[in-house]
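Undergrad: On the provided structure of chain A, position chain B as indicated by the hints.
Chains as they are written, first to last, in this note's numbering: chain A, 1 to 298; chain B, 299 to 430.
It is worth saying that the hints were derived from the structure and are not from the lab.
Hints are supplied without guarantee of correctness; some may be wrong.
Simulated restraints, written as ranges between beta carbons of each label pair [as the list claims (entries may be wrong)]:
{"no.": "1", "chain 1": "B", "residue 1": "Pro379", "chain 2": "A", "residue 2": "Asn172", "range": "31 to 37 angstroms"}
{"no.": "2", "chain 1": "A", "residue 1": "Lys232", "chain 2": "B", "residue 2": "Lys391", "range": "34 to 40 angstroms"}
{"no.": "3", "chain 1": "A", "residue 1": "Lys232", "chain 2": "B", "residue 2": "Asp342", "range": "48 to 54 angstroms"}
{"no.": "4", "chain 1": "B", "residue 1": "Leu401", "chain 2": "A", "residue 2": "Glu197", "range": "25 to 31 angstroms"}
{"no.": "5", "chain 1": "B", "residue 1": "Tyr390", "chain 2": "A", "residue 2": "Val298", "range": "39 to 45 angstroms"}
{"no.": "6", "chain 1": "B", "residue 1": "Gln409", "chain 2": "A", "residue 2": "Pro72", "range": "27 to 33 angstroms"}
{"no.": "7", "chain 1": "A", "residue 1": "Gly85", "chain 2": "B", "residue 2": "Ser414", "range": "30 to 36 angstroms"}
Simulated pairs of lysine-lysine, BS3-like, Cα-Cα distance not exceeding 30 angstroms [what the hints assert, rightly or not]:
{"no.": "8", "chain 1": "A", "residue 1": "Lys113", "chain 2": "B", "residue 2": "Lys429"}
{"no.": "9", "chain 1": "B", "residue 1": "Lys368", "chain 2": "A", "residue 2": "Lys264"}
{"no.": "10", "chain 1": "B", "residue 1": "Lys350", "chain 2": "A", "residue 2": "Lys271"}
{"no.": "11", "chain 1": "A", "residue 1": "Lys285", "chain 2": "B", "residue 2": "Lys368"}
{"no.": "12", "chain 1": "A", "residue 1": "Lys278", "chain 2": "A", "residue 2": "Lys242"}
{"no.": "13", "chain 1": "B", "residue 1": "Lys368", "chain 2": "A", "residue 2": "Lys113"}
{"no.": "14", "chain 1": "B", "residue 1": "Lys350", "chain 2": "A", "residue 2": "Lys242"}
From the three backbone atoms N, C-alpha and C, an ideal C-beta is built for every residue, glycine too.
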Amino acid sequence: MIKEKPLILLLIGIFSLASIVSCNNDDTQDQITIDDEIFDPNSSLNTIFDGKIFSIPSPVQTAYLIKQLDLPFDATLLIDNSNDGEYVSEFKQALNLGMYGTDLGYSTLYNQKSATMKYLTSVEKLASELGLDAAFDTGFLSSYDENRQEDSLILLMSDAFRQADNFLKRANRKSTSALILAGGWIESLNIACQLNENRSSPAIERRIGEQKRSLSSIIEILKVYTSKDTNKELIAEMESLKESFDKVMMTYEYAAPETDAENKLTTFNHKLDIAIDKSILQEIKTKIAQIRSNIIKV
Amino acid sequence: MFATISAGAQDCERIVQNCEALLKSNSNGSEFISDGQVYTAFLDRQEVAEFKTTLFGGTTYRIAASAGSKENYVIFTIKDPEGNILFSNHNYKNAPHWDFKVLETLPVTIQTKMDSDLKLTGCAVMLIGFKK
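This is chain B alone, in the form it adopts within the complex:
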């Protein structure tokens, strides 16, 4: 007999907390300031969530993404206004967080999906932080 679990709001909330820890971890002790938003999506198989945002020049950003207790479930990709891929964490073992030094302001599209080799479906959370 197997118990069934509901992957509901509580699961997403736990993942938000995982993600908050990723935003704060920094080798030199400084923290990234949250942009004040939580980006949450339920992704099923090959579904992709995307959003457009602007990364301001003269700033270093951190993008943190989580979909569970293991840290490499989420693939996130950043594209420029022309659709060029500027970065994908899939090239770095689905690293759960990455920093971006933005010299000049850049409108980007960020796409997020589950790595279907590791997790098919569930709540994915992304947080964006910045430091001056």
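With the rest of the complex left out, here is chain A:
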């Protein structure tokens, strides 16, 4: 009958649509085909290189350590941002964005409004030049005007840098991501070295020594994610710095961790001794200051 045919066709259509919807909502793999992009080693989805991913500790952690030690805020340690509009290359823009991010974190933690706004402006400018406006949007910027607590601002800032990192990796701009991370680390280490020079602190000296493995990661990441040899000179400088860090001795002693399963918390009880003498500290301080100076200059 003619009237039944449209009903049958409708039912077939509904069944087909239901099948499509159920497939879309199902995580099982037998119904999924994979984009060729996934298998492209240069794809933004593949941050594995020879099975490795890279990680650089956040410079905010060193800023927290400094504050915990009750050391006074020292604006002379930070970048004079008069050059922030002058960087033309993505190489310099990215490195300096990382460095300004560190300075922003440091001044934020110390509730230095004037310095914070200065570095916020620089971060905004460089982020825009690198096409990262979405990560450092008006919401992020206006938060600094809302008189929030320092910890809340640090959270926002770290989230913004993570969003920028995510965006860059998805956009196949891992070299830019690597440079931002490297810049942040360099500035953080320089601040620690200069503070220690002004007033010697075993805790800061230890934190400097603890950067040994992070430096190796940074050199790797700069070598892997490089665009047309632009990182060559920086890599050479960092490898020279590594020669000094290679003299830092680390002695590890294992101890069994303790786990509180109910609270999903594991405590690591090991010991790590770090031996770093004054001459090594001086070498590191001199070298990192020179690296930093080369990055800042236009």
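TA: Just chain B, lined up with the frame of chain A:
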């Protein structure tokens, strides 16, 4: 007829958002501060992604991992400089996040893979946060 789905960038992005929520959830209301990076890998079957990082002393970290809408697809394992396994979430039903109290600084290697009993292949995302 079955529709085919492309597990591409959009899927990874959705998983990043899942993972961000895991980093922020905390019973006492405080949040973990992101280390500023997103660790993403496409894993196929028994492939393992690994990275080295340093966990600084005097800090509590949270590691959050996700590979889809269900929260137990990813197995992550933390090893010390000597290769000793310090922790694996596989011992805790592949818990999607776990906190680590680090008394003294520790260079570690973190390995990540899919639990092949639950998911064979796909995008895995890991985030690391810390609080003082």
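Undergrad: None of the hints should be skipped; say for each whether it holds.
TA: Each hint, compared with the structure:
Distance hint check for B:Pro379 and A:Asn172: the Cβ-Cβ separation is about 33 angstroms, which falls inside the suggested range of 31 to 37 angstroms. One distance hint, 34 to 40 angstroms for the beta-carbon pair A:Lys232 and B:Lys391, is violated here, with the actual separation near 48 angstroms. For A:Lys232 and B:Asp342, the Cβ-Cβ distance of about 34 angstroms falls outside the hinted range of 48 to 54 angstroms, so the restraint is violated. Judged by the Cβ atoms, the range 25 to 31 angstroms given for B:Leu401 and A:Glu197 holds: they are separated by roughly 28 angstroms.
Look at B:Tyr390 against A:Val298: about 52 angstroms separates their beta carbons, and that is not inside 39 to 45 angstroms. Separation of B:Gln409 from A:Pro72 is about 42 angstroms and departs from the stated range, judged on CB atoms against 27 to 33 angstroms. Checked against the hint of 30 to 36 angstroms, the C-beta distance between A:Gly85 and B:Ser414 comes to roughly 52 angstroms, which is inconsistent with it. The hinted pair formed by A:Lys113 and B:Lys429 meets the criterion: a straight-line CA distance of about 23 angstroms does not exceed 30 angstroms.
The hinted pair formed by B:Lys368 and A:Lys264 meets the criterion: a straight-line CA distance of about 18 angstroms does not exceed 30 angstroms. Pair hint B:Lys350 plus A:Lys271 holds up; C-alpha atoms about 18 angstroms apart against a cutoff of 30 angstroms. The suggested pairing of A:Lys285 with B:Lys368 is violated, with an alpha-carbon distance near 48 angstroms, which exceeds 30 angstroms. In summary, the hint linking A:Lys278 to A:Lys242 is supported, as the alpha carbons are separated by about 16 angstroms, within the 30 angstroms threshold.
A hinted pair counts as satisfied when its Cα atoms are at most 30 angstroms apart, and B:Lys368 with A:Lys113 does not qualify at roughly 43 angstroms. Among the hinted pairs, B:Lys350 with A:Lys242 is consistent with the structure: their alpha-carbon atoms are about 17 angstroms apart, no more than 30 angstroms.
The earlier numbered hints that this structure contradicts are 2, 3, 5, 6, 7, 11 and 13.
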